[in-house]
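Asks: Listed here are the chains, written in short residue letters.
There are 2 protein chains.
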Amino acid sequence: MTLLIQGVLLDGHKKDIYINKGIIEEISERCTRNADRIINGKDKVALPSLINGHTHAAMTLLRGYADDMPLKEWLEGKIWPLENKMTADDIYWGSKFACLEMIKNGITVFNDMYWFWESTAKAVYDMGIRGFLSAVFIDMFDIKKSMEQIEYNIEIFELSDKYRPNVTFTLGPHAIYTVSKESLQWVRDFSEKHNILVHMHLSETDEETRFSQDRYGLSPTEFLDDIGVLSNRFIGCHGCWLDDRDCGILKRNSAKLVHMPVSNLKLSVGRLFPYRHIKNVHNVPFCFGTDGCASNNHLDLIETMKFASLLAKFSTNDPTMLSAKETFDIATKAAANIFFLPEWEIKIGNSPDIILVDTKKLELKPGFDIFSDIVYASNGYIVDTVICMGKVLMEDRYVPGEEDIIEEFSKTAHRLATK
Amino acid sequence: MTLLIQGVLLDGHKKDIYINKGIIEEISERCTRNADRIINGKDKVALPSLINGHTHAAMTLLRGYADDMPLKEWLEGKIWPLENKMTADDIYWGSKFACLEMIKNGITVFNDMYWFWESTAKAVYDMGIRGFLSAVFIDMFDIKKSMEQIEYNIEIFELSDKYRPNVTFTLGPHAIYTVSKESLQWVRDFSEKHNILVHMHLSETDEETRFSQDRYGLSPTEFLDDIGVLSNRFIGCHGCWLDDRDCGILKRNSAKLVHMPVSNLKLSVGRLFPYRHIKNVHNVPFCFGTDGCASNNHLDLIETMKFASLLAKFSTNDPTMLSAKETFDIATKAAANIFFLPEWEIKIGNSPDIILVDTKKLELKPGFDIFSDIVYASNGYIVDTVICMGKVLMEDRYVPGEEDIIEEFSKTAHRLATK
Chain A
-9 MTLLIQGVLL DGHKKDIYIN KGIIEEISER CTRNADRIIN GKDKVALPSL
41 INGHTHAAMT LLRGYADDMP LKEWLEGKIW PLENKMTADD IYWGSKFACL
91 EMIKNGITVF NDMYWFWEST AKAVYDMGIR GFLSAVFIDM FDIKKSMEQI
141 EYNIEIFELS DKYRPNVTFT LGPHAIYTVS KESLQWVRDF SEKHNILVHM
191 HLSETDEETR FSQDRYGLSP TEFLDDIGVL SNRFIGCHGC WLDDRDCGIL
241 KRNSAKLVHM PVSNLKLSVG RLFPYRHIKN VHNVPFCFGT DGCASNNHLD
291 LIETMKFASL LAKFSTNDPT MLSAKETFDI ATKAAANIFF LPEWEIKIGN
341 SPDIILVDTK KLELKPGFDI FSDIVYASNG YIVDTVICMG KVLMEDRYVP
391 GEEDIIEEFS KTAHRLATK
Chain B
-9 MTLLIQGVLL DGHKKDIYIN KGIIEEISER CTRNADRIIN GKDKVALPSL
41 INGHTHAAMT LLRGYADDMP LKEWLEGKIW PLENKMTADD IYWGSKFACL
91 EMIKNGITVF NDMYWFWEST AKAVYDMGIR GFLSAVFIDM FDIKKSMEQI
141 EYNIEIFELS DKYRPNVTFT LGPHAIYTVS KESLQWVRDF SEKHNILVHM
191 HLSETDEETR FSQDRYGLSP TEFLDDIGVL SNRFIGCHGC WLDDRDCGIL
241 KRNSAKLVHM PVSNLKLSVG RLFPYRHIKN VHNVPFCFGT DGCASNNHLD
291 LIETMKFASL LAKFSTNDPT MLSAKETFDI ATKAAANIFF LPEWEIKIGN
341 SPDIILVDTK KLELKPGFDI FSDIVYASNG YIVDTVICMG KVLMEDRYVP
391 GEEDIIEEFS KTAHRLATK
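Order-wise, the sequence lines are chains A and B. Counting from -9, one number per residue, gives the positions in the first sequence under the working numbering. Counting from -9, one number per residue, gives the positions in the second sequence under the working numbering.
For the record, the hints were derived by calculation from the structure and aren't laboratory data. In this text the structure is predicted, and so the values were computed from the model without any measurement. Any given hint might turn out to be false.
Treat identical chains as interchangeable: a pair holds within one or across any two.
[Stated by the list, open to error] The calculated lysine-lysine pairs, modelled on DSS-like cross-linking and capped at a C-alpha distance of 25 Å, are: (1) 112 - 4; (2) 381 - 409; (3) 32 - 315; (4) 401 - 350.
For reference, chain A alone in the conformation it holds in the complex:
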């Protein structure tokens, strides 16, 4: 599969980009090679695609089902009962629709944690994007459950080959208040042995911090460090309640973080992502995530970037923090590093996924600075074309088959809500 993007803006200059099996082989004024597919790049800017660092894809099924409620009542009265009724088929359609929504928003890679692992794997494979997928590993400190979870994770790990290259299996120990020390030690060893990423909620709420202090006499990060779970394969999500010491521990272990500003505000977690400690003091690598559609409720990482940048400025009382360009680089280049993806820049020899942004959109006018305009003035609708692993997933904002996905998804969600 070869692809030629003609006359597209790249770093401010009109270029042709020739891609062979996902690898950029030529960037020139005029490429004369033949290609299986040609994309007209007129009035478009080529950029690396966006990476969504944390979500629960199939929660699209729950969008708008329950909001504006106290956390406990919301989870116990609304979200969990409906999740308990979800079938593998429901989750397939929820995840498939989430993939569609992410493609529409210029996302080609996402990091997921949800039930019925294989349903999401199938959806990712069918949609042609990239998913780092974990099951929800929860044992509630019950040894029997722990063993079941371990068995299940080994099973899906072995199964995951079937969904390559789109799907990468990851370990998803839910959080320190839902997973036993013994299970976490197994996660540590299995991750090390097979070089697997560990995807975990970390320091999202004060309750979590207090639980950890009560049970282990340590902060969540100190506890994970103590039992050796932290490494450069560890991805901690949220991190709002991390303190300076925690950030230092994460850095020392080369661990990474994912920042979910929209979810944190909506669920009122009580503290903002401590940007200054994480970035300025310790320089812990982090990227952005949307979180799931019950707590955001939109899989638009451009919107998330705006929230993240503005909250960093506000929380540090410094409008120079998290500039537009830095924000964009975190959502692309830095995120790719976190997931050990190839270099996420459009250069010869690299193989990043690519989006084309439509500069004719109003929000991108007058067009003094493309990064400022994307981060501060726009949203996912500026994305015109999406290319993942050398394949065109969307052109002119159209994804082949989208009507059927939308219809089947909507039916599934309404059926689920009335079960």
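Take the given structure of chain A and dock chain B to it, following the hints.
Replies: Coordinates of chain B only, in the frame set by chain A:
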């Protein structure tokens, strides 16, 4: 001019809506009257249009020109020098483009404060939306400037009749640190005599509060109360640094506020809008504003609503605060009250402006709750049709003549930036 919207969803039911000169004359299962124009409402929801409580429209010219800078350097080194070079023609195109961008985002009414008053008035008139327009009344405590400003405001007040019914003249004393007590007293009397709204920045920053304490020994609100400027015609913008006592004073005077969450974060004003005091304790009426494109940088009030709702939840540590429905009502019904507009609900006899939202959009699926989906999951792109004073300004997301406006605006902005 008569208009018939056929088969549109209204409060969950399919209806025909018949509008005569902007007044809703019939809402029924099937309207058999003839109309000058018929709109197909299939798969669309009819809602009252959005009201943008505070902006500086022509600052679209400065979008992306300078961001991520310390406030003083940004204003003195970038924004003010370029504003000084702006001509009446520049501002006409900047405002016209802003009107276009607002229409695209479902806004039909905005409250503006900017230079070259008549340029914006012309733009509003030409675009067919509604503008509450003030000049930027600044005298820097100079009696000569004060007299010039008073003369100029009387002049444009008299001129404003020419732009009815689209344009309503308002008084725009910039802020307590830029306008003398004597000028404010004139504003008070002129506002009372002619029943004119007063549009003013209020308690945006700590510097403003300190200035007021130093000069008058009072908070900005106390000072304005002291000299009798506060009334039900007073609209204070920002309000981040209001304290409990200030909120009580505003309420006692029936004054109103406009909340600009995006701008407040981006400019790092140091405090969040004190939602609990304003709403829960004193119930001061307020609505939302985008602010100008240099400090937001997007005239998308749906995005602003999401920021406002989420920040209210976060800042009160209560996810039930500022629910989706309440947020939507503030941006429509409550805002209309603030500007003494007619009842902003789609009911027979009322004359609100109307938007049709496209329910086929991905973000509105599965569609459990239209208000949650609008506020938490969408942005201005869900707006398909915009009707203002009975006239269709946009249908199928197309505004007649938009290509020319975009082109002329872009040329103007780039010419200005290189002057």
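Asks: Now, for every hint given, state plainly whether the structure supports it.
Replies: Status of each hint after checking the structure:
In this assembly of identical chains, residue 112 and residue 4 lie within 25 Å of each other by CA distance neither inside one copy nor across copies; the values are 38 Å within and 38 Å between. Proximity of residue 381 and residue 409 under a CA criterion of 25 Å is satisfied in neither setting, with 38 Å inside one chain copy and 44 Å between copies. When the C-alpha separation of residue 32 and residue 315 is checked against a cutoff of 25 Å, the pair qualifies only within one copy, where the shortest distance is 23 Å, while the shortest distance between copies is 41 Å. In the homo-oligomer, the alpha carbons of residue 401 and residue 350 lie at most 25 Å apart only across protomers (14 Å), although the nearest pairing inside one protomer, at 35 Å, exceeds that limit.
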